[in-house]
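Participant: Sequence:
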Amino acid sequence: MLVLRSPEPDLHTPIATAARLYALTITEVQVLKHIVEGQSLGEAAAVLGIARSTVKTHVDALYAKCGVNSRARLAATIAGLISPVSASP
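Per our numbering, residue 516 is the first one in the sequence shown, and the count goes up by one each step.
FYI, nobody ran anything at the bench for these hints, they're computed from the structure. Since this is a predicted model, take the numbers as computed values, not measurements. Backbone N, C-alpha and C fix where the C-beta goes; we use that ideal spot for every residue, glycine too. Keep in mind that the hints are not guaranteed to be accurate.
[Claimed, not checked] Here are the computed lysine to any residue pairs in the SDA-like style, where the Cα-Cα straight-line distance is at most 20 Å:
hint : residue 1 : residue 2
1    : LYS548    : THR569
2    : LYS580    : HIS549
3    : LYS571    : VAL551
4    : LYS571    : ALA538
5    : LYS548    : ARG586
6    : LYS571    : SER585
7    : LYS571    : HIS527
8    : LYS580    : THR532
9    : LYS580    : LEU556
10   : LYS571    : THR540
11   : LYS580    : GLY564
12   : LYS548    : LEU536
13   : LYS548    : GLU558
14   : LYS548    : TYR537
15   : LYS580    : TYR537
16   : LYS571    : GLU558
17   : LYS548    : ALA576
18   : LYS571    : GLY582
19   : LYS548    : ALA594
20   : LYS548    : LEU596
21   : LYS580    : VAL562
22   : LYS580    : VAL544
23   : LYS571    : ALA587
24   : LYS571    : THR528
25   : LYS571    : ALA590
[Stated by the list, open to error] Ranges of calculated distance between the beta carbons of each label pair, as one might list FRET restraints:
hint : residue 1 : residue 2 : range
26   : HIS527    : GLU552    : 17 to 23 Å
27   : ARG535    : ALA561    : 27 to 33 Å
28   : SER568    : HIS527    : 32 to 38 Å
29   : LEU536    : SER585    : 15 to 21 Å
30   : HIS527    : LYS571    : 25 to 31 Å
31   : THR540    : ALA594    : 17 to 23 Å
32   : LEU596    : ALA566    : 25 to 31 Å
33   : ALA561    : HIS527    : 17 to 23 Å
34   : GLY553    : ALA576    : 27 to 33 Å
35   : ARG588    : SER568    : 20 to 26 Å
36   : ILE541    : ALA561    : 14 to 20 Å
37   : THR572    : HIS527    : 27 to 33 Å
38   : ARG567    : HIS527    : 29 to 35 Å
With the sequences and hints as input, model every part of the structure.
Facilitator: Here is the structure:
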């Protein structure tokens, strides 16, 4: 049996909510996912197949868009997001 899944993130996850709320690019979303998972910049770069400096550029853009100044604050901010669609009344 073959099961196909869309590469798009679930529309109700904190990362998807952040993507909409902060107008993140596709690559910023990919980098953000690795940060939230606790990966280093080098680990994220290796998985994404891009240079560490490129990951750092995307992280700096994420900081600016999300109003934070560290990966820990970024991850905490994103973890605290809940999509209005999935929130309980």
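Participant: Checking each numbered hint in turn, tell me which of them this model violates, lowest number first.
Facilitator: 7, 11, 21, 24, 33, 34
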